[in-house]
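Peer 1: The chain contents come next:
Protein chains: 2
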Amino acid sequence: MGRWEPGAGGRLREAALNLYLERGFDQTMVNDIAERAGVTARTFFRYFGDKREVLFDAAAEVEEKSLAALEGAPATASALDLVAAALEAVADTIGHDRELARMRQTVIMANADLRERELIKLAQMTAALADGLRRRGIGDAEADLAAETGSAVYRVAFRRWVDAAGDLDLREAIDQSFAQLRTLTAAD
Amino acid sequence: MGRWEPGAGGRLREAALNLYLERGFDQTMVNDIAERAGVTARTFFRYFGDKREVLFDAAAEVEEKSLAALEGAPATASALDLVAAALEAVADTIGHDRELARMRQTVIMANADLRERELIKLAQMTAALADGLRRRGIGDAEADLAAETGSAVYRVAFRRWVDAAGDLDLREAIDQSFAQLRTLTAAD
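Respectively, the protein sequence lines represent chains A and B.
Position 180 of the first sequence, counting from 1, maps to 180 under the UniProt record's numbering, and the rest follow consecutively.
Position 114 of the second sequence, counting from 1, maps to 114 under the UniProt record's numbering, and the rest follow consecutively.
For reference, chain A alone in the conformation it holds in the complex (with noise of 0.2 angstroms):
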């Protein structure tokens, strides 16, 4: 699979990391982005609603799919296997591409403010998690240290993933996170 989505949407979404990686983030204008890309201000509007929209325009798409899988997941399965089964699948929408994981995280923590939002992400998705859970008739204290447990294998997958020097696959890295969760908690 290709890195950038096909037409001027894939077009704007390069030029727009290449240029905040380049000037950073709140130097660089639509003008700017929509130029790099060959197509006008109006068209940019037409797949983003701001500058900041280009980064966080997959959360949507990831929460939806993580909580299809986790709805869909058998009967029998426990909490965690639930949440596994919800960090897989957003393994599945994001993890096809570390090069734009990258390009985007390098342009995130050099903001605060992004960072801030990128915090904020994170704490709704891990709530849309625990009432997910919930739904699925895991009792309310469960389904929340569950959902903040899988948050946290998340964040540590995550980074192990971006920063990796080799190969490695982000639902391989969910995995090794939750093998290493389980060695900490029964050594203890």
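Just so you know, these hints were derived from the structure itself, not from any lab.
Be a bit skeptical, because a hint or two may be false.
Repeated chains share a single entry, so a pair holds when one copy, or any two copies, can fit it.
Said to hold, decoys possible - Straight-line alpha carbon distances no greater than 25 angstroms define the calculated SDA-like cross-link-like pairs of lysine to any residue that follow:
(1) LYS65 - ARG160
(2) LYS65 - LEU184
(3) LYS65 - THR93
With chain A's structure known, arrange chain B on it following the hints.
Peer 2: Chain B in isolation, oriented as in the chain A frame:
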């Protein structure tokens, strides 16, 4: 132990929290807080840098004490034992007054900027915890996961403590969350 520290600092904190609850954080001015506490705005600024600091000034003490507990834990402690020692120190620092924690939490949850600030403080605390684990010789990946897992346990325990109808100690809530985490990971 009384709820408010003695003197003008305690009166200012009490006045501020009550006003934030009555009028909202954004609608409360430093002059209002000083007036309610019976002091001048100049006195307010001897205790707090701004009206937000009334809510977040415990963070430095919490971080310092929890890192000291982590550093002072026995050499045989596992990564999760070290995290538990750090969280117990957090409980000892803020756990003596649930009503104060509830008021603060209500104010924060009602305001998007304050919720963001709280998420940032938690993320900084998690990063400091991971660094503390590394200084105790815990490997990089394990330190990262143990710190994030501890943060998950803490978030859940804190919410349970604040929301509990009956008696509940913050330290007890943390112990319960750790026990539940072990059950969750063992069941999987």
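Peer 1: Does each hint fit the structure? Answer for all of them.
Peer 2: Status of each hint after checking the structure:
no. : hint           : result
1   : LYS65 - ARG160 : within (22 angstroms within a copy, 29 angstroms between copies)
2   : LYS65 - LEU184 : between (29 angstroms within a copy, 24 angstroms between copies)
3   : LYS65 - THR93  : within (8 angstroms within a copy, 41 angstroms between copies)
Of the numbered hints given earlier, the model fails none.
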